[in-house]
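*Asks:* For the protein sequence lines, the chains are A and B, in the order given.
Heads up, the final residue of the first sequence is numbered 369 in the working numbering, and it's a clean run with no missing numbers.
Heads up, the final residue of the second sequence is numbered 1564 in the working numbering, and it's a clean run with no missing numbers.
The hints are simulated quantities; they were obtained by calculation from the structure and are not laboratory data.
All C-beta atoms, glycine included, are put in the ideal place defined by N, C-alpha and C.
Please note: incorrect hints may appear among the correct ones.
[Stated by the list, open to error] Pulled from the structure, derived: some chain B residues nowhere near chain A, Cβ distances all over 12 Å: (1) A1220; (2) A1229; (3) G1267; (4) L1281; (5) E1301; (6) E1308; (7) L1314; (8) D1316; (9) P1457; (10) E1484; (11) A1542; (12) Q1554; (13) H1559.
[Claimed, not checked] Ranges between beta-carbon positions, derived for each pair: (14) E1493(B) x A176(A): 43 to 53 Å; (15) R1341(B) x P155(A): 47 to 57 Å; (16) D218(A) x E1493(B): 24 to 34 Å; (17) E103(A) x V1313(B): 38 to 48 Å; (18) E103(A) x Q1205(B): 50 to 60 Å.
[To be verified] To list a few chain A residues with every Cβ distance to chain B over 12 Å, as calculated: (19) E89; (20) T173; (21) P202; (22) R248; (23) E257; (24) E259; (25) R332.
Below, each chain spelled out in residue letters.
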Amino acid sequence: MRAYLDHSATTPPDPRVVEAMVEVMEGDQFGNPSSLHALGLEAERRVEEARRQVARLVEAAPEEITFTSGGTEANNLAVLGGARALARRGRHVLVSAVEHPSVREAARRLADEGFEVEEIPVDREGRVLPEVLAERVRPDTVLVSVMRVNNEVGTLQPVEDLIRVVKERRPEALFHVDAVQAVGLTRVTPRAWGCDLLTVSAHKIHGPKGVGALWVRPGVHLIPLVWGGGQERDLRPGTENVPGIVGFGRAAELALAWREEAERVRALRRRLEEEILRRVPGARRLGPEDDHAAPHILNLAFEGIRGEVLVHALEAEGVYVSTGSACSSRRQATSHVLVALGEPERWREGAIRLSLSPKTQEAEVEAAIEAVVRQVEALRALMGE
Amino acid sequence: MRIYMDHAATTPLRHEVLEAMLPYLTQVYGNASSFHAEGQAARHALDGARATVAGLLGCKPGEILFTSGGSEANTTALVGIAWAYRHRGRHLVVSRVEHPSVLETARFLAQQGFRVTELPVDETGRVAPEALAQVLDDETLLVSIQMANNEVGTLQPVAELARLAHAAGAFFHTDAVQAAGQLPVDVRALGCDLLTLSAHKFGGPKGAGVLYVRQGVELARLIHGGGQERSRRAGTENVAGVVGLARALELAVQERAQVASRLEVLRDRLIAGVLEAVPGARLTGHPSQRLPGLASFVFEGGIDGESLLMRLDLEGVAASSGSACTSGSLEPSPVLLACGLPVELARSGLRLSLGTATTEAEVARVLEILPRTVAQLRKVHGASLA
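Bound-form chain A, shown alone (with noise of 0.2 Å):
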C-alpha cells in the first residue's frame, strides 16, 4: 500500500481548493485586481475573501494579513524587512538554532550588511528555553525569530512565554514567529501571544504552492523585499497570484476543522514510533517528547543506517519519507537541527522524518510501519554480509 507520509515538505491540494482555484482560472474571471474595472473589482473580491479566511485561521483581522509567493518569502521578509527597518536602533538579531533556512540564511545576509546575528541555543529537545533567551537580549536587539514548530523533529516552542522575557525586556525589538509548520494541527494565535510577524505557507495545509503570507501586528513597520506598484499595501507589490491566493484562502478555510484531528494524528504518529522502536532493535527517536511535540512529525534514527539509504528504500515500496527538510536536503549532507539537539553524527546519518496529516489514514501508518521494519532489517542484513 502507498503511504506519503511526507507532509512537513509539501501536501497534495485538497480537490475542493484546486476546484476553487479552477474557478478563477478558466473563463472570464481572470481579472488584475488593481484594475479598476469590474473584471478587476471581482478578482480584488476573491483576493479579500480570501484574505479573510487566512485571517480566520490565525484569529486576526484580514488587513494584518500580507501575501506572498510563499512561507520562504514571508520569512525573509519578516527578517529581513524587519530588521533594515529598525537599523537605526540597534543591529542585533537572535535566530534559534533550530530555524527554517529561510530564517537561517536570511539573517545570514543580515550578517553582511553589519547586523550582530546570534543563534539561541536549544535543549535536547529542540526547546528554546525562556531563560537561556532572556540572557541574550540586549539593549539593541531588534529582531527575534523562533519557529513554533520545527519541520525536522516536530518540536513545539514555547513562544508565547519566549515572546514575553523579550517584551519585558526589549519592548521596541520585533518577534517574529515561523508557524508554518504550526498552522491547522495547532492553534496559531499570534495577537495573542503578542509576537509582531508570523509566517504561513499555503502548500503546508493542502493548499497550492507559490503562495503564502505574512501577518503583521498593526503599527509595525516593514521594509519590502520586492518592490513596486503598490499592491499589499506597498508591502509586497506584484500583480497578485489571484488563483494561488484563492486556493490558500479554500485551504485555511478548510484547516479550521484541523484541530479536531489534532488528537488523531497525535495517536497514529504514537504508534508510528512505539511499532517501530519496539520491533527495530538500534533504532531512537530523535527530538521531543510528547508534551513538547507537534502532533504529526516524527523523527526517527536507526543505527548503522544512512537515512537517505532508507528513504529510497521506503520509496521502493510506496512509502514515502525523507531525511529531514526538503529545503536543505538537495545540498546538505548533515542537519543543522540534529546538531544543535547534541545528536551525535551515527544518529544524525540514520534520521529519517515522518510527517503526517489529518487526511492521513490508519492503514498509512500501518503500512509505513511494516514498511520500516522490513527495510531496516533487509538493510542491515545486505551490509552483515
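Put chain B on the given structure of chain A with help from the hints.
*Replies:* Chain B in isolation, oriented as in the chain A frame:
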C-alpha cells in the same frame, strides 16, 4: 457583450495552459526538492519547463531563473546586480518610464547609497541612445531599460542601448514583460545580460515569472533559504505555475508573428478611429515604434481618466488609465509626465490593450462607445475644448 481591452494589465489564462497545469495541482504534487519519486516527478516537470523556456528565449536552461512574477524578477535583477558587484561601482541607470518595480527598486537602492540616474525620454517615450552614452561612466554597474512601455507601448532601441552599456563595462537588463507574445524576444539578439518576463501577460498564470541571467553574471539573492533555483532564489517551487508559464510562452512564441500582424491592423484602426471621431484626442507614445496591441490616448478638455474608465466599464468595455499597478491613485501618470504632457492631460490617459482574442467587431464597438462617452463626460463636467 463585454469587451476586454486591458491585456496589458493581465490576459485570460489559456485553456491549453490550464490543462498543462492541472496535473501539477492534483496528481503530481511532490516537493521538487524531495528525493523520492513524488518529488522527482515535480523536479522533472521543472527541468522540462526550464528547457522549454530556454529554447524559446535562445539561451541555456541554467540561465533561466523562475520567480513569483515580473515584479520579483525586476527587483531581483537590480538588487541582485547592485549587491553582487557593489565593490566594483555604485552607479545604476534606469529610464523615467520604467515599470514601478524597476523605478521603486532603483529608488530603494539610491537610499542604500547607490547613485541612480533616471534617463529622460522624448515626447514619444523613447530613450535617446546618446542620452545614455552621456551618463555612463566607470562606476556604472547596470542599465535597466524596458523593451516596451506598459502605458504607452513605446518600443526602446534595446539592442543599441545594450551595446552602449556593454561598451562602458555595465550590465544591461531589460523588462520584457509587455513585449513577450508581441515582439520577438531572443536574449542573444537583444544582447542583454538580464531579462524579465511575466506569465500572466501572455496567457499564462499569475504568480509566475522569469529572470534570464546570462551565464557568468553574478547575482545576489533576493530571497534566501533553501538551495532551489541553483541557490539563487529560495522557496518551494511553484511547479504548476512554472509549467503553465512554459506552456503559455510556447504558444505565444508559436503564434507571435501572426498575432502581432493581426493586432497591428486592429490597433491602427482603433487609433485612426479614435483620433477621427473624438475631438481633442491625442495619441500617446510613438506613432510607429509601439507595441502591436497597444493604443493609448489623452483627451483635451479636462477629462478625468478614471471617470472615463468607470463609464466605459458600465458600457461593457474594460480598459485602463495606464498601468494597473498604479491605478487607483489620483496621481497623474508619471509616464505621461515623462513624455512632457502637462498635468491635466496626464490625468486623462486611456490605454486600450488588445490580445489574441480581440476581434474586429470589438474594435468597431469601442469606436462607437468611446466618442459618445467622452462627449457625455465633457457635458457633465461642463468642460469645453479651448
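*Asks:* Work down the list of hints and note, for each, if the structure agrees.
*Replies:* Verification of the hints:
Distance check for A1220(B) against chain A: the nearest CB is about 8 Å away, which does not clear 12 Å, and the non-interface claim fails. Interface exclusion of A1229(B) from chain A stands, the closest Cβ pair being 19 Å apart, more than 12 Å. Every beta carbon of chain A lies more than 12 Å from that of G1267(B), the smallest distance being close to 19 Å; the non-interface claim holds. The non-interface label for L1281(B) is inconsistent with chain A: the shortest C-beta to C-beta separation is roughly 8 Å, within 12 Å.
Against the 12 Å criterion, E1301(B) stays outside the reach of chain A, whose nearest CB is about 24 Å from its own CB. At roughly 29 Å, the least C-beta separation between E1308(B) and chain A is larger than 12 Å, which holds for a residue marked as non-interface. The Cβ of L1314(B) lies farther than 12 Å from every Cβ of chain A, with a closest approach of about 24 Å, so its non-interface assignment holds. At the 12 Å boundary, the C-beta of D1316(B) stays outside the reach of chain A, the nearest C-beta of that chain being 25 Å off.
Chain A leaves P1457(B) outside its interface by the beta-carbon criterion, the shortest separation being 25 Å against a cut-off of 12 Å. Not every Cβ of chain A is farther than 12 Å from the Cβ of E1484(B); the closest lies at roughly 7 Å, contradicting the non-interface assignment. With a closest Cβ-Cβ approach of about 20 Å to chain A, A1542(B) is found to remain outside the 12 Å limit, as its non-interface label requires. Listed as outside the interface, Q1554(B) is consistent with that label: its C-beta sits roughly 18 Å from the nearest C-beta of chain A, beyond the 12 Å cut-off.
Listed as a non-interface residue, H1559(B) keeps its Cβ farther than 12 Å from every Cβ of chain A; the least gap is roughly 18 Å. Between E1493(B) and A176(A) the Cβ separation comes to about 50 Å, which falls inside the hinted range of 43 to 53 Å. Under the hint 47 to 57 Å, the C-beta atoms of R1341(B) and P155(A), about 56 Å apart, fit the expected range. In this structure the supplied range 24 to 34 Å holds for D218(A) paired with E1493(B), their Cβ-Cβ distance being about 32 Å.
Taking 38 to 48 Å as the suggested C-beta distance range, the pair E103(A) and V1313(B) conforms, at roughly 45 Å. Checked against the hint of 50 to 60 Å, the pair E103(A) and Q1205(B) fails, with Cβ atoms roughly 40 Å apart. Look at E89(A): its CB is around 4 Å from the nearest CB on chain B, not clear of 12 Å, so calling it non-interface is violated. Distance check for T173(A) against chain B: the nearest CB is about 25 Å away, which clears 12 Å, and the non-interface claim stands.
Distance check for P202(A) against chain B: the nearest CB is about 22 Å away, which clears 12 Å, and the non-interface claim stands. With a closest Cβ-Cβ approach of about 23 Å to chain B, R248(A) is found to remain outside the 12 Å limit, as its non-interface label requires. Distance check on E257(A): its Cβ is at least 21 Å (rounded) from any Cβ of chain B, clearing the 12 Å threshold; non-interface status holds. Annotated as non-interface, E259(A) keeps its C-beta farther than 12 Å from every C-beta of chain B; the closest such distance is 22 Å.
Under the 12 Å C-beta cut-off, the non-interface status given to R332(A) relative to chain B holds; the minimum distance is some 17 Å.
Checked against the numbered hints given earlier, the structure breaks hints 1, 4, 10, 18 and 19 and satisfies all the rest.
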